[in-house]
Amino acid sequence: MFINYECENHVYNVSVERRKNHYFITYDNAEYKVKAEETKPGHLKIKLGDRIIKSVITKGKEDKFVFVDGDVFKVKNVELTGAGKTRKKKEEGTLDSPISGKVVNVKVKKGDKVKKGDALMVIEAMKMEYIIRAPYGGKVKKVNFKEKDQIEIEQNTVELTKEEEA
Amino acid sequence: MFEKVLIANRGEIAVRIIKACQEMGIKTVAVYSDVDKKAPHVQLADESINLGDPTPIESYLNIPKIIKSAQDVGADAIHPGYGFLAENPDFAQACKSKGIKFIGPSPDVISLMGDKIAAKKTMEQAGVPVIPGYHGAKQDNASLVNEGKKIGFPLLVKAAAGGGGKGMRIVHSEDVLEESIESAKRESKSSFGNDTVFLEKYIDRPRHIEFQILADEHGNTIHLFERECSVQRRHQKIIEETPSPVMTPELREKMGNAAVKASKAAGYYNAGTVEFMVDGDLNFYFMEMNTRLQVEHPITEMTTGIDLAKWQLKIASGMELTLKQEDLIQRGHAIECRIYAEDPSNGFLPSIGTLERVESPTGPNVRNDTGIYAGMEVTPYYDPMLSKLVVSSENRAESINKMIWALSRYVVLGVTTNIPFLQKVLSHKEFKAGNITTHFIDNYFKDWTIAKEGLPIAAIMSLAVYDSMHSRTQETVRYKESDPHSPWKHVGRWRMGVEE
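Protein sequence lines correspond, in order, to chains U and R. Here the numbering used here is used: position 62 in the first sequence is 1031, and no number is missing along the way. Here the numbering used here is used: position 466 in the second sequence is 568, and no number is missing along the way.
Derived by calculation from the structure, the hints in this document are not laboratory data. Since the model is a prediction, treat every value here as computed from it, not as a measurement. Yeah, the Cβ is synthetic: ideal placement off N, Cα and C, and Gly gets one too. Be aware that a few hints might be false.
As the list claims (entries may be wrong) - Here chain R is said to cover these stretches of chain U; the calculated rule only asks that three of the stretch's residues, wherever they fall, bring their Cβ under 8 Å from a Cβ of chain R:
{"id": "1", "region": "980–986"}
{"id": "2", "region": "1002–1015"}
{"id": "3", "region": "1030–1042"}
Unchecked claim - Simulated restraints, written as ranges between beta carbons of each label pair:
{"id": "4", "chain 1": "U", "residue 1": "Asn998", "chain 2": "R", "residue 2": "Thr464", "range": "38 to 44 Å"}
{"id": "5", "chain 1": "R", "residue 1": "His530", "chain 2": "U", "residue 2": "Lys1004", "range": "35 to 41 Å"}
{"id": "6", "chain 1": "U", "residue 1": "Lys1009", "chain 2": "R", "residue 2": "Gly154", "range": "35 to 41 Å"}
{"id": "7", "chain 1": "U", "residue 1": "Gly1018", "chain 2": "R", "residue 2": "Tyr475", "range": "37 to 43 Å"}
If we strip away everything but chain U, and leave its shape as in the complex, we get:
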C-alpha cells in the first residue's frame, strides 16, 4: 500500500505492507518492521524493537487526527494523481535508489505494464529492504539492474514510460 500523508503543507510518502504478524513501513529511505495491534477502536500499540508506541487515531470528515506522546497532528491522506499537478511533479516519488546496496529482487522486465504502487525492485542494505515502487502507472522501458547487482545511491533503477504518455 502506497500512501501520501499531508501535514502542515508537507507531504510524506509512505508505504506499508502487512506480512503475517508484521507491518513493513517504508518512509524516507528506511524500512521499519513493526508489530501492531488495535487494542480498542482507534488505539494502537506498535512495537518497534524495544520501543513501544501508543497512539490514538480518529478520522474526521476530511482529516485524520493522530495523538502520540501527548502531541496531536492533523493529517490528510492525499492522492497525488489528477488534481494538483504542480505538487504532483515534486512529490510523486522517484525511481532512483535511495541507498547503496544490493538488488535482491527484480519484479519487472522490459515491456511490462505496471500500476501505481507496484513493486519494481527490492534493494537490500544494512539488513533492511527498500522497495522501489511505481510512482505512476505505465510501461517499463528499461530495467537498469539485475538481481545481485550492486546499486549506488541515486542511480536510476527502472525507466518507466507514464501511462498517458505511452
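Position chain R against the provided structure of chain U, taking the given hints into account.
Only chain R this time, still in chain U's reference frame:
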C-alpha cells in the same frame, strides 16, 4: 431544601451543579440554546427547556425567558453558575420579585461589588487595604503632584481613557513626578483626546491571590484559604493552584481575616471570592470581589474536602454553616488547568470545529470537570473552555508532575487546544520554582508558538499501520511465487554467501 432547581448556564459548570443537586436529591432543570440540544448538561438534567437562538442575548442571557422557564416548570430556585447572568443584579432582582430563590448573594451586594470604585470605598472604610491611588477630578499639576506624594513611590500615572500602555508612566521618585504627569497627559491627549490621569501605587512583581468565602444568611462567614491565580494570559487565568507558593501561615491568617472582613462589610452571603493583589514584599491589596462560584473552585474542594456547590445550595435554602474556621485544614496541593479550544499557533484564537474524539485522563486525585462530548461542535457562540483538569498531590512538585502526566494523556481530537502550551508553562523552571507573577506569561511566553517540526516517525508509523488495518483491499504478498508448490515459498528470507 429546594425541590427543583433550574440551572441557568451551560457547559461544565451546569454539569457540576446538576451533579451536586442530584447527590442531594434535588430535581434539576437544564436550559439550552439550539446548538446545545445534545449537550451533557441537557442529557443529565431531569427536565430541559429550549431557549432557542444560540446568540447569548437570546438564550443564556435572556432574563425573561429564563424566569418564565423556571415558573413553567415550578422551579423554586435558580443557580446561575458563573459568567452569563451570575453577576447581573437585575437577574437576581427578577428572581427575587417572582419568588424564586437566586442561589448567590443579594442583588444589592452584586450591584455594590459590580461598581469597582464603590466596592473599593466600602473596603477602605472597613479597614481592608486597597491599592492607594487618586481617581479624583482635580487635574492641575500641583494637586496631582500633591496626591502623588501622599501615595508614595514607585507610582503609576495612568490615562483615564487609556489602554495598551499609552499614557502610562512608572514614576520612581518625586523629582520626576511632575514631568511624568505632563508627558502622560500629552500622550493621553493625542491618543485618546482626553488628558485626565489617575495615580496609583505601582505594584512590583504582582501576584493575583484570592480567598474563597462561604457565608450563610445568619451572619456566619468563613474563608477556605487562598488560590494563586497569577498565571494569566491577557487577564484570563489559565493555571490556578493552592496553596500559593509564597503563602506563609501568618500571611494566610492576615489575608483570610481581611477577606472575611471584606465580605462582612459588604453584607455578603453564599459563596464568593475576594481577590487581592500581592506585591513582591507580600503587601496585599483588595482588588475586587466575585459574587459567584469561581471557575477554579475545584482546587479548594480538592484541598479542603468541602463541596462548595453543595454548600451554595444549603446556604441558599437557609441552612446555617456547620463548618468552623478553626476546623478547616488544607491538605496537600492542587492545580487546575483550563483546557481551551484555541490555537496557540494562530494567536490563541478560538479553534472551532467538531470534537472527533475526547478521552480524559483518569487516575488517583485527577478530576476532570467538563461539558463536552465526542461529536460535539465547538461553536463561536460561547467561551471556548472545553474542560478543567484538576489534580492534587502531597506537595506542589508532585502536583506539577501529575498535571504534566495527565495533560500528556488528555486526548482531544478535532479542534486545536492549548494543552501543549499548558505543558510548556508547567515545565518552565520559573514556574516550577514558584516565581510567578501576573507578568509571567508576558515575560516568558510572549510570542510563544508551537514548534512545527513535522510528523514524527511514531505518527507516520501509526497512520500507516492504521490505514493498513482499515484498508479494504487485500494486501499483496511480496515474493509472490507463481507456482504455489515452489519450495522457495517456504524458505523465508535468505541471503547467499552469508555464513549463518
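Each hint, compared with the structure:
1. 980–986: holds (count 5)
2. 1002–1015: holds (count 6)
3. 1030–1042: With 11 residues closer than 8 Å to chain R, the region 1030–1042 of chain U meets the three-residue bar; holds.
4. U:Asn998 x R:Thr464: 38 to 44 Å: holds, 41 Å
5. R:His530 x U:Lys1004: 35 to 41 Å: The hint (35 to 41 Å, Cβ to Cβ) holds, given that His530 of chain R and Lys1004 of chain U are roughly 38 Å apart.
6. U:Lys1009 x R:Gly154: 35 to 41 Å: Holds: the Cβ-Cβ distance is about 39 Å, inside 35 to 41 Å.
7. U:Gly1018 x R:Tyr475: 37 to 43 Å: holds, 38 Å
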